[in-house]
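Residue numbers (this note's numbering), protein chains in the order written: chain Y, 1 to 445; chain G, 1 to 445.
Don't read these hints as lab results, they were simulated from the structure.
Be a bit skeptical, because a hint or two may be false.
PhoX-like mimics (lysine-lysine), calculated; alpha carbons at most 20 Å apart, straight line [claimed, not checked]:
#1 Lys255(G) <-> Lys255(Y)
#2 Lys139(Y) <-> Lys181(Y)
#3 Lys153(G) <-> Lys181(G)
#4 Lys181(G) <-> Lys181(Y)
#5 Lys146(Y) <-> Lys181(G)
#6 Lys347(G) <-> Lys264(Y)
#7 Lys200(Y) <-> Lys217(Y)
Now for the letters of each chain:
Number of protein chains: 2
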Amino acid sequence: MFEKVLELIENNQLAAARQLLIEWNVVDIEQLLDEVPQDKMLRLFRMLPKELAAEVFAEMDSEQQQYIVESITDREINDIMDELYMDDTVDFIEEMPANVVKRVLRNTDETTRKTINQLLNYPDDSAGSIMTTEFVDLKKEMTVEKALSHIRKTGMDKETIDTCYVISAQRHLEGEISIRKLILSAPETLLSELMDTNVKFVQTLTDKEETAYIFRKYDLISMPVVDNENRLVGIITVDDVIDVIEQENTEDFHKMAAIAPSEKEYLDTGVFSLAKNRIVWLFVLMLSATFTGSIIRFYEATLSQVVALTSYIPMLMGTGGNAGAQSSTMIIRSLALNEIEFKDLFKVMWKELRVGLLAAFMLAVVNFARIMIFDPVDVFVALTVCASLFCVVTIAKVVGGILPIIAKKIHLDPVIMASPIITTILDAVSLFVYFAFASTFFHIA
Amino acid sequence: MFEKVLELIENNQLAAARQLLIEWNVVDIEQLLDEVPQDKMLRLFRMLPKELAAEVFAEMDSEQQQYIVESITDREINDIMDELYMDDTVDFIEEMPANVVKRVLRNTDETTRKTINQLLNYPDDSAGSIMTTEFVDLKKEMTVEKALSHIRKTGMDKETIDTCYVISAQRHLEGEISIRKLILSAPETLLSELMDTNVKFVQTLTDKEETAYIFRKYDLISMPVVDNENRLVGIITVDDVIDVIEQENTEDFHKMAAIAPSEKEYLDTGVFSLAKNRIVWLFVLMLSATFTGSIIRFYEATLSQVVALTSYIPMLMGTGGNAGAQSSTMIIRSLALNEIEFKDLFKVMWKELRVGLLAAFMLAVVNFARIMIFDPVDVFVALTVCASLFCVVTIAKVVGGILPIIAKKIHLDPVIMASPIITTILDAVSLFVYFAFASTFFHIA
Numbered sequence: 001m002f003e004k005v006l007e008l009i010e011n012n013q014l015a016a017a018r019q020l021l022i023e024w025n026v027v028d029i030e031q032l033l034d035e036v037p038q039d040k041m042l043r044l045f046r047m048l049p050k051e052l053a054a055e056v057f058a059e060m061d062s063e064q065q066q067y068i069v070e071s072i073t074d075r076e077i078n079d080i081m082d083e084l085y086m087d088d089t090v091d092f093i094e095e096m097p098a099n100v101v102k103r104v105l106r107n108t109d110e111t112t113r114k115t116i117n118q119l120l121n122y123p124d125d126s127a128g129s130i131m132t133t134e135f136v137d138l139k140k141e142m143t144v145e146k147a148l149s150h151i152r153k154t155g156m157d158k159e160t161i162d163t164c165y166v167i168s169a170q171r172h173l174e175g176e177i178s179i180r181k182l183i184l185s186a187p188e189t190l191l192s193e194l195m196d197t198n199v200k201f202v203q204t205l206t207d208k209e210e211t212a213y214i215f216r217k218y219d220l221i222s223m224p225v226v227d228n229e230n231r232l233v234g235i236i237t238v239d240d241v242i243d244v245i246e247q248e249n250t251e252d253f254h255k256m257a258a259i260a261p262s263e264k265e266y267l268d269t270g271v272f273s274l275a276k277n278r279i280v281w282l283f284v285l286m287l288s289a290t291f292t293g294s295i296i297r298f299y300e301a302t303l304s305q306v307v308a309l310t311s312y313i314p315m316l317m318g319t320g321g322n323a324g325a326q327s328s329t330m331i332i333r334s335l336a337l338n339e340i341e342f343k344d345l346f347k348v349m350w351k352e353l354r355v356g357l358l359a360a361f362m363l364a365v366v367n368f369a370r371i372m373i374f375d376p377v378d379v380f381v382a383l384t385v386c387a388s389l390f391c392v393v394t395i396a397k398v399v400g401g402i403l404p405i406i407a408k409k410i411h412l413d414p415v416i417m418a419s420p421i422i423t424t425i426l427d428a429v430s431l432f433v434y435f436a437f438a439s440t441f442f443h444i445a
Numbered sequence: 001m002f003e004k005v006l007e008l009i010e011n012n013q014l015a016a017a018r019q020l021l022i023e024w025n026v027v028d029i030e031q032l033l034d035e036v037p038q039d040k041m042l043r044l045f046r047m048l049p050k051e052l053a054a055e056v057f058a059e060m061d062s063e064q065q066q067y068i069v070e071s072i073t074d075r076e077i078n079d080i081m082d083e084l085y086m087d088d089t090v091d092f093i094e095e096m097p098a099n100v101v102k103r104v105l106r107n108t109d110e111t112t113r114k115t116i117n118q119l120l121n122y123p124d125d126s127a128g129s130i131m132t133t134e135f136v137d138l139k140k141e142m143t144v145e146k147a148l149s150h151i152r153k154t155g156m157d158k159e160t161i162d163t164c165y166v167i168s169a170q171r172h173l174e175g176e177i178s179i180r181k182l183i184l185s186a187p188e189t190l191l192s193e194l195m196d197t198n199v200k201f202v203q204t205l206t207d208k209e210e211t212a213y214i215f216r217k218y219d220l221i222s223m224p225v226v227d228n229e230n231r232l233v234g235i236i237t238v239d240d241v242i243d244v245i246e247q248e249n250t251e252d253f254h255k256m257a258a259i260a261p262s263e264k265e266y267l268d269t270g271v272f273s274l275a276k277n278r279i280v281w282l283f284v285l286m287l288s289a290t291f292t293g294s295i296i297r298f299y300e301a302t303l304s305q306v307v308a309l310t311s312y313i314p315m316l317m318g319t320g321g322n323a324g325a326q327s328s329t330m331i332i333r334s335l336a337l338n339e340i341e342f343k344d345l346f347k348v349m350w351k352e353l354r355v356g357l358l359a360a361f362m363l364a365v366v367n368f369a370r371i372m373i374f375d376p377v378d379v380f381v382a383l384t385v386c387a388s389l390f391c392v393v394t395i396a397k398v399v400g401g402i403l404p405i406i407a408k409k410i411h412l413d414p415v416i417m418a419s420p421i422i423t424t425i426l427d428a429v430s431l432f433v434y435f436a437f438a439s440t441f442f443h444i445a
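Using the sequences and the hints, build the whole thing.
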C-alpha cells in the first residue's frame, strides 16, 4: 500500500496521493510522511482535513512537529491546537524550543494556555503528566436521556466517551457510568440509580507505575484523576498506560544491564549519549573488579603453590554469578509486578535456600566427576573446587533472592541488585570461599 | 475496607458481609474471598448475584475454581457458564482435570460446547487463544437507529460494545464502527456511510506477541480476529493484551538471566520446578566456563612467569562481559519493540564500534593510571592489561550489538544472546586477547 502512494508523491501527484491517504489509519499516514522529503511532506500535511491533520501531528516525532510548526501560518497552528487532545499538546510543547512554545501559546486561547501550564508542571513520573482533560462529565440528577443528549452535544471533542464521570457541583468525583449502561437503560432512569460509586481513581501526583498497576489489576480502559482537593481534573486512557508499561520495562531491562536509562530509541541516540549512559557503570564495576583482583593478589602465595587452582577461578565466579543473577532477576520481576512484598522475605529466603542447596549439590557432584575424569589434578583440588562451588551457589541463591527485597524496603530501586552488581558481590564471595577451602585442604595461606 | 468485612465473616454474619461485598469491584471481592476459609468462601460465593458470581469466578485462580465447581450443583454450574465470557471459560477449562471438564461441558449447551472445543484447539501463543466470541456484529445496510436498537437487544452479553463490527452475509469482516460514532450520528444514516473499512485485524493463528504489537502501534481497545477464510470469529480486548505484554516481558527477563520461562508466579512455584527451570542453563554455562579455565591452564607457563597477570583476569573478564551485556541488552530490547530490524545491522555495528572505541579508550586510560599509581607492578604488566582491556571492550560492544540481530535473522530468539551467553563467549575472547598481548610484551608463551 505504501509503494503506490510513494510513487504518486514521487511524480508530484499530491492530490491523488492525498485521496488515498485520507482513508488510512493515522499511524500509517504518519509513517508514510516520515519517508517523504520534507517539502513534500509539508505540502501533503497541509492538504489533510483539519481533524486528521491534528491526529497525524500528534503521532509525529518532535523533529517533524517542529519543522511543521515553523513552516505553517498562525491560523493553521491555531487549527491544530484546537483539535489536539491536551495530553498530546503537552507532549508536543515539552519538546519544543522556547521560541516555538511562545508562538504556539500565542495561538491558543486563554483557558487552554492555563491548562497547558498546569499540566506542564506535573512531574514526569506522575499520573498528571499522562492525563488528558477532555472527558465527559455528567451530573447524577440527569436522566439517561438527558445524559445521552449531553454526550451527543459535547462528545465529539472528548478523548473517550466509553466511560463517563459523574461529578458534583464542586466538581468532586461521585461516580462513573459506562456508555454501555446508558444505552442499555431506560431513558427516564436517573444516573444516581445507575452510576457505579465504587470508582478506582488516582491523584495527579500518583506515580505512573502505580497507576499502570491499578489499570492492570482492574482491567480498566480509562481512569479518572483528581487533584488534592478531590476534584476531577482529567482522565488517563489505556493506550497511554501501555506506553508507560513498555517504558518501565525498557528502563528495567537497561538498568539490569547497568545502563543509565534514556527515553530515546536506540537508533535515534547519538554515539556520545550511548557511551555516556554506559560508561559510568562500567567504571564502577571495573573498579570493584579490581577489588576482586586484589583478593587474588593477597592469596598469590597459595596460588603459586597450587597453580592448578587458578584455572577453576572463572568457572567458580561465573557459576556463582549466574546462580545469583537467576534468583535476583526472578525476585526483581516479581517485585515489579507486585507479586511479592517485604512480608514475603522469609518465604523467599527459605525457598531460595532449598533451591540453592538442590542446585548446588547437583552442580558440585557433576563438576567433581568431570574434574576427576578429565583434569590431571589431584583429589584435593577437586574437593576444594566442589566444596567451594556448593557453598558459593547456595550463598548466591539466598543473597540474590533477598537483596532486591531489602533494597525495595529501604526505598532503593530493586533493579540495581540485578546481574552486574550481584555478580560483582558474588565474585568476591566466591574467591574468599575458594581460598578458605584451599587453605583448609592444603594447610597453606 | 477489608477488615470490616473480614470481621463480619469471622462472626458468621455472612448476609451482612454480602451486603457490603456486592458494592465492590470484582477484583477486590475475589481478593477478599481468597483470604477467607474455604467453607465460608463457598457460602459467600453462592450468595452472590448470578452475574457478579460469574465475574468473580473468572478472576479466581484455578485451585479456587476447582473447589467451587466440585462443591456446587449442576444448576449453579450452568448459571456460571451462561454468564462467563468465552475467553474466561476456556482459561478455566484448560486448567481443570478431566472429570471436572466433563461435568462442566455436560452443563453447557451444544453451541457453547462446540465453541469451547474450537477455542481449546488454538495454540497457546496464538491470537485465537486469547480471543472471546462475544462481540456486536452489525450489517452495513442497517441505519444507525436500527444498529442501536440491535445493540440494546444483544449488547448485555457482549464483552465490549465500544467498537462494533460490520459483517457480510457470509460473516466476512467489512468494517468497524465505534459506539461513539453511532451515538453522535443522525439516526437515519446508513452504516455503510459511517463505517471505517480500513480495519486492523489478525488471524486466529497470528502470534500473540505480534497481536500485542499491533495494539500498541495503533492504540487499539479491541481488535477483530478472522479465521483462514476471513470470517469474523472473535475479538481480542486490550486488558488481555496487557497481560500478554507483561507475560512476554517476564519471559524475556527470565531468559536474560538464563532461566527457563514458566507461567506461574514465583511464590506459587515449587522448589523442584524452580530448580529445574534454572539448573539446565547453570550446567551449560558451568561447562563452558570450564573451557575458559582450560585456556588459563594452557597458558599456565606464562602465568607462572608473570604471576601478577593473574590478579587482573577477573577485572578484564568482568569488564568485557559487562560491556557486551550492555550492548546486547539494548539491542535485544529494541528488537522486541520492533525499533530495529535486520537491515539496521550495519548501522548498529558502526554505532557500537564507535561507542566501543570511546568507552574502551576511557576505561583503558583510567585503568592504566590506576595500576601505575596503586599496584606494585612494572609498566609492561600495565600495558598488557590496558591494551587487552581496550581490545576486549571494543570487541564486546560490537559482538554484543550484532549477535542478537543475527540470532533473530536465523529465527533464534534474540534473548538467548543476553548476558550469560555473551559473557561466556567474551570470557574466552578476553583470555585469548590477554595472553596474546602478554606473549608480545613478555616474549613468552
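Given hint Lys264(Y) paired with Lys347(G) - CA-CA distance at most 20 Å: holds, 16 Å
Are the Cα positions of Lys255(G) and Lys255(Y) separated by 20 Å at most? holds, 16 Å
Quickly compare the C-alpha distance for Lys153(G) and Lys181(G) to 20 Å and report which way the hint goes. Given pair Lys153(G), Lys181(G) holds - Cα atoms ~19 Å apart, limit 20 Å.
Hinted pair, alpha-carbon criterion (20 Å max): Lys139(Y), Lys181(Y). Please report holds or violated. holds, 15 Å
Holds or violated: are the alpha carbons of Lys181(G) and Lys181(Y) at most 20 Å from each other? holds, 17 Å
Could you grab the alpha-carbon distance between Lys200(Y) and Lys217(Y) and see if it respects the 20 Å cut-off? holds, 11 Å
Holds or violated: Lys146(Y) and Lys181(G), Cα atoms, limit 20 Å. holds, 18 Å
In this structure, none of the earlier numbered hints is contradicted; all agree with it.
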